[in-house]
Amino acid sequence: MTSSLLLTVVIPTHNRRAAVLRLLAALDAGSFDPARLEVVVVADGCDDDTVTAGRAARFRFPVTVIDQSPGRGPATARNAGAAGARAPLLLFLDDDIEPSPDLVSIHLDIHRESSGHCVVVGAPIPIRRPDADFHAIAVWGWWEQQFESMREPGHRFRYDEVFGGILSLPRDLFERVGGFDETFNGCREDPELGFRLLRAGAEIRFTREGGGLHHELRDRSQLLERKRAEGRADLLLARAHPSLWPVVRLSQVAGTSVALKVLRRLAFDVPPVGNGLLRLSSVLLDWLERLRWRGTWRSLHAATMYYAYWRGAVAAAGGARPCRAVLLELDDLSSKSAEPLRELEVDLAEGISKVEDQVESDRPDLLRVRFGDFALGVIPAGPGAERLAARHVRRQIARWLDGPLGVALALRGAGSASPGLERSLALDPGS
Amino acid sequence: MATAVVELDVGDLPHLVEVGSAYAQALVLFRARGVPIGRAELPVRRGRIEGDALVAALLEQVGSLPLALDAQAYLGLSPSAYDTPQPPATVVVCTRDRPEDLDQALTAISRLPDDGQEVLVVDSASSSSASREVVSRFPSVRYLREERPGLDRARNRALSEARFGVVAFTDDDARPDRGWLRALTANFVDPRTACVTGLTMPSELETPAQEWFERTNSFTRGFRRTVFDGIETDPFFVARVGAGANMAVRRSALDVVGRFDPALDAGTPTRSGGDHDLFGRILAAGFRIVYEPTALSRHRHRREWPELRAAIFGYGVGVYAYLTRQFLTGESRAAVVALRWLPWQLVGLVRGLFRRPGAMPPRLGLAELRGCAVGPFAYRRSVRQARDAG
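These protein sequences, in sequence, are chains A and B.
The opening residue of the first sequence carries number 1 in the numbering used here; numbering runs sequentially from there.
The opening residue of the second sequence carries number 1 in the numbering used here; numbering runs sequentially from there.
Simulated from the structure, these hints should not be mistaken for laboratory data.
Some clues are possibly wrong.
Pairwise CB distance ranges (calculated) [said to hold, decoys possible]: (1) A:289 <-> B:133: 51 to 59 Å; (2) B:100 <-> A:370: 54 to 62 Å; (3) A:370 <-> B:189: 43 to 51 Å; (4) B:45 <-> A:247: 29 to 37 Å; (5) A:149 <-> B:111: 50 to 58 Å; (6) A:249 <-> B:140: 53 to 61 Å; (7) A:101 <-> B:189: 20 to 28 Å; (8) B:128 <-> A:149: 26 to 34 Å; (9) A:325 <-> B:218: 41 to 49 Å; (10) B:218 <-> A:275: 47 to 55 Å.
Built from N, CA and C at the ideal position, the CB exists for glycine as well.
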């Protein structure tokens, strides 16, 4: 049986018996050969009857339930599930996901057509209910905004776009990078894995169709708690991977507005006042929603999240002074440990296909582009972003260098823009 | 003197454009590879527009956009959806007693590339069978008769009858361009996009009334694609979003935000405002509206002053009727927006009285102001009528 197995589904869960059964039932109704699939449920410190119910339920595929007691967090649970897997591919599903009927077959298809180091991220699609309140609308919009850019052809993926809720990858790749880092249990463990996968040369793919419904969106107080956890986790992340420091929010303090400076000051130096305002803001947010003053609600909501994030970081560092010291240390560490960038120079006059071939074989971080004698510019390296590949080239050049390329084409007489425009450019080549 | 409306492709700009001695100026629409990219107003001398003036206007108004389009073409990236078949949609024309305009609209629609779209005409309580007869000359067009008057009621009927998930609306006095439907529907790839509006240019500017309308109430919202995201956009600033004469909606999103309010818009005491009300509710619900300037349609503005005055009065009524509706459904900011807008109306009126450049003529300004005052009462009357009509 093991030889025909293609995919092990790993489901970490904590006290969500009904959700796990819903997930398994949805998987069971999916369009795939059940002989190709096994499921490992990791009950992480469950004190409901998830373990009994999971073992008693019967599906088209075998289900193994690992009882991980006491609970040790989702990263450890996922690693335990992966350790018990027998198939060459792993698919991690969060317990609050209801997979689309084609999820498994879509992930299998993408892996079949890929080069063997592909990581497939499925969309955890939030449900937009007609009676959604402002907070639910904001959370739904945030998720959909993420998916929109990830779906664009030629998108250059970043480490933080590797969502662990629906994630499949070859088991040997997962093992090679060392699995989830268990020091990040509960927050940022998936982007942290994403960073190591990108460094290992993994190719990220995103699929909305191979996603599922995301049932348990955080309410306002859960999101505040999550922001505190993100503040804590970002300190760990920047320490573990100093090259990520420029893109971690903790480093982005220069040039921020007066309001954000005040919020940081409250989080660092006068948390009793900040916490009092946070409690007051909860009442205010309710009133603003009743009056339907969306703009003010959004600003206040964002302010509370920002404050909670910084409180999380300050608390994790052990207070305001140690936190400031840690931030300075991380800033210093980042500049000292900067890794050399892999650069490549290409000539677009040789044709876009040739450039794509060069980029695919070299996989640079940064691309210098010229058109014959004209230096068009640079596609920059993105900290925590994929190395450039052929699939990125056209969109990245269009994004960064379409203006200079258009001018170069006109000066060469290779474009079909207005003859008048070309005449004026020819008269003033410096323009 | 009248304004000539001219279209030119920037890849083939002539050295001289003859428009005729009846025109003192010209409104030029520039295209690149068939896609609308900008417009300019130019003087006409001895019935001609000089090529140098065209190039200068092109550089000033459009800038380097044609060069960027060339770059995209060199990279093998299509700058628009014009040449790419899109999933089928339903095209709807709501009409009332304008058979000649309807004939032109359907002629333009019949020239759209065939992507499997269906075309519906909703005849909103017309007084004769002329519209039905026009539709009978277009065999692929489905005719629906709505006995109860009201543009929003007709739009809702179309939403109920449409076969496809995306429904594109055009007015009977508009003529969609060949790439119109594809440009609209291509934007629905994003599931949060509930509505797409397009660029509406005048089809003619032959009379002073039409020129004034274009100057003060133009449907053109620029040539830059703009995404109005309900997560961050104020749902009361909907005038810049576009107009109902050129829009497409996703039916499933309207199941969440609600359909058109039958108490609003043409054919009811409120005279307009149905599109703005829907745009506001879409944004308030966190969905997106995309303004897509390559979705071009041409609109015939009102030719005579009495028609124009009635239209401007109707806009005033519609805006305040829509704000009243929003207020009554719990949007307390509608009152603030209504009060804030009134002083601007008065300032506009005073500027018109002193004949300041760009100001609306006083009789139009006054008509709009009268409409604003009437709006809330018109809405109340309209709701009552809609309730009685069932």
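Outcome of the hint check:
no.	hint	in the structure
1	A:289 <-> B:133: 51 to 59 Å	holds (53 Å)
2	B:100 <-> A:370: 54 to 62 Å	holds (58 Å)
3	A:370 <-> B:189: 43 to 51 Å	violated (34 Å)
4	B:45 <-> A:247: 29 to 37 Å	violated (57 Å)
5	A:149 <-> B:111: 50 to 58 Å	violated (36 Å)
6	A:249 <-> B:140: 53 to 61 Å	holds (55 Å)
7	A:101 <-> B:189: 20 to 28 Å	holds (21 Å)
8	B:128 <-> A:149: 26 to 34 Å	violated (53 Å)
9	A:325 <-> B:218: 41 to 49 Å	violated (59 Å)
10	B:218 <-> A:275: 47 to 55 Å	holds (52 Å)
Violated hints for the displayed structure, listed by number in ascending order: 3, 4, 5, 8, 9.
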